[in-house]
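Chains V and R, in that order, are what the protein sequence lines are.
1 is the number of the first residue of the first sequence in the numbering used here; add one for each residue after it.
1 is the number of the first residue of the second sequence in the numbering used here; add one for each residue after it.
Rather than coming from a laboratory, the hints here were simulated on the basis of the structure.
Hints are not guaranteed to be accurate.
Stated by the list, open to error - Pairwise CB distance ranges (calculated): (1) V:G96 / R:D208: 41 to 47 Å; (2) R:G23 / V:N159: 30 to 36 Å; (3) V:F9 / R:E339: 36 to 42 Å; (4) V:L48 / R:G151: 48 to 54 Å; (5) V:G156 / R:Q326: 30 to 36 Å.
From the three backbone atoms N, C-alpha and C, an ideal C-beta is built for every residue, glycine too.
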Amino acid sequence: MEDNPTSWFMRITVTILFLFLLAPVLLVFPISFSGDQILAFPPSSWSLRWYEALLGNNVMMSAFLTSLGLASVVTVLSLIIAIPASYAIVRLKVTGSEFLFNLFTAPLLLPTIVLGLAILIIFASMGLLATFTGLVIGHLVITLPYALRVLSVSLGNLNLACEEAASSLGAKPLAVFGKVTLPMMAPGIVAATALCFLVSFDEVVITLFLTGPRMTTLPVELFHHVESQADPLVASVSVLLILMTLAVVMIVDRTMGLTKAFVK
Amino acid sequence: MMHQTIKRDGVETIGNPHLSLEGINKKYGLVEVISNLNLEVRKGELIALLGPSGCGKTTTLRMIAGLIAPSAGKIAVGGRDVTHIAPHGRDMGLVFQSYALFPHMTVAKNVAFGLEMRGLSRADIANKVAKALAMVQLGHLAERKPRELSGGQQQRVALARALVIEPSILLLDEPLSNLDAKLRDEMRTQIRDIQQELGITTVFVTHDQVEALSMCDRIVVMKGGLIEQVGTPHEIYERPTTPFVASFVGRTNRVKGKRTGDGCIRIGSSMIRSARPAVQDDVMVMVRPHRIHVDWSAASTERQGETQNRMAAVLSRITFVGDVIQYHFDVGGTEFIVEESTKKSQASRRQGDEAVLSWSVEDTLVFGADQ
């Protein structure tokens with residue numbers, strides 16, 4: 001690899017590419033420390049006023065807490081549903097499992113706006129709009145495909161011989177699952193957890209249909225705020241969102257290693 | 001070998017077998033992978049299922065373990081019918097080619113797994129695990145994770161894990177195939193020693209004839225879902241009953257011949273004899289390369305004795321393999337390979353040298369050409 005003539009060229013290209021991808025994200029940080037009244041770059045003065053404004057903004061803060069709670073509940077439910085489902089599909093190969101897998105993962109292919117509209121129509125008649133339950137169910141529709149896909153791949157890659165060895169050693173099916181299969185799936189479970197959490201936490205399109213003045217999430221509130229006002233408050237909210245995402249990614253990296261959780 | 005074997009209805013039976021397979025059949029859809037397999041294994045015996053890939057040997061082992069169910073037939077262990085018992089109720093130790101250690105547990109925890117499933121006390125478990133690890137000389141690695149171990153060490157852990165539960169039968173599925181050649185030799189001896197010491201009935205699946213011949217009490221040679229021959233390594237090697245067994249176990253020369261009226265077999269212009277008479281007019285003659293003696297100075301093939309077959313040959317190629325030298329001879333258009341241990345005088349041999357090949361009538365294997 002050393003003395004490779006293309007390596008400098010490659011390095012510069014990759015750096016430019018990364019800057020291009022990250023520039024909008026990085027720009028948010030200086031803007032959030034702006035002292036100005038309107039959104040502009042570069043800011044003419046610096047201050048922490050928009051962070052103070054954020055902390056003092058009850059709507060934003062309650063939206064943040066809703067988002068946090070929503071993402072947590074949705075993630076836990078996704079795992080509770082997707083782990084047994086992926087086991088049934090990959091290991092037990094029950095009749096129609098192929099069809100079930102396609103059905104569960106179909107929302108990934110559908111336009112989210114159509115999905116949101118469909119959910120709106122159904123939920124409106126059931127009185128689930130702008131309720132926490134409604135949001136949880138709506139988000140599950142889009143997090144489940146991710147969880148199911150990641151967990152199925154993870155389960156499919158396990159050495160089946162380990163489970164066979166466990167049962168030959170006297171472990172009943174449930175013990176095999178709990179003591180061997182599940183721990184061996186750990187990287188996949190961590191990856192699915194992170195994905196579900198982030199997908200739910202960042203979701204806008206479907207959530208737009210399901211929120212209302214009574215209950216709203218942080219990304220949706222941010223969207224509404226930008227529509228009505230152009231102050232740097234959105235930058236400080238963005239920083240909050242980015243930091244949450246980073247925190248999840250870092251937890252994954254610390255517990256598992258990113259490559260192990262997402263690549264393999 | 002040590003026990004009396006009785007032939008009954010063409011099926012070899014032994015008195016009071018520890019493991020018996022009766023009329024085992026396995027179909028996947030319309031494809032029959034095992035057809036009417038009958039086998040009896042004595043207590044304490046190490047038996048090999050030997051054959052090329054796809055012969056059904058692994059399928060047979062997995063049926064004994066209960067990992068797959070036979071389509072028909074009965075499997076019994078110590079007289080108890082286990083055909084419909086789940087793997088966790090069969091009390092069998094399994095060792096896989098891929099080791100199949102639990103990656104999230106330490107070596108000691110791996111070995112302890114089966115004992116924990118049996119609900120033994122903590123002290124008993126610790127005691128038995130230590131003994132099992134000492135048996136495979138891995139006591140010092142008890143707290144390591146499997147990924148920190150070499151392939152050979154991992155396979156010894158797998159062996160300890162399977163043996164610590166004191167199973168009624170040990171099942172080994174190509175346990176040495178992932179190891180390098182030198183380690184394989186060591187493990188072969190070690191597995192055989194442990195098996196003998198514990199006196200545990202063992203079924204060993206392998207495609208490697210050397211493993212089967214060197215380790216096992218008896219060998220079951222399989223092909224296409226059928227048993228070709230069951231016998232001791234000596235019987236399989238010296239008295240193969242089918243041409244497949246003869247060529248799969250050990251190397252052999254194959255020559256087409258014709259039966260003549262006086263019980264001899266004609267190969268080209270030569271006449272040879274076999275200890276066992278030919279059963280058909282068209283036959284396939286097989287001779288092991290190292291059972292042929294080369295006489296470089298003999299002038300003729302005249303002294304055709306009752307016990308020796310002799311044929312004139314021309315040397316066409318020499319392959320030097322180090323400890324063995326292979327002479328490729330042309331015998332009236334057919335190639336004969338002869339193997340000798342290497343010695344210095346062989347350096348003078350040249351292509352085109354003439355010689356007389358001779359071998360014992362006893363070493364002449366004759367099969368029907370269409371077998």
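Hints, one by one, checked against the model:
1. V:G96 / R:D208: 41 to 47 Å: holds (43 Å)
2. R:G23 / V:N159: 30 to 36 Å: Cβ of R:G23 to Cβ of V:N159: about 33 Å, so the range 30 to 36 Å holds.
3. V:F9 / R:E339: 36 to 42 Å: Given about 59 Å between the Cβ atoms, the range is violated.
4. V:L48 / R:G151: 48 to 54 Å: The hinted range 48 to 54 Å is violated for V:L48 and R:G151, with Cβ atoms some 59 Å apart.
5. V:G156 / R:Q326: 30 to 36 Å: 47 Å Cβ-Cβ, so the 30 to 36 Å window is violated.
In this structure, the hints that do not hold are numbers 3, 4, 5, in rising order.
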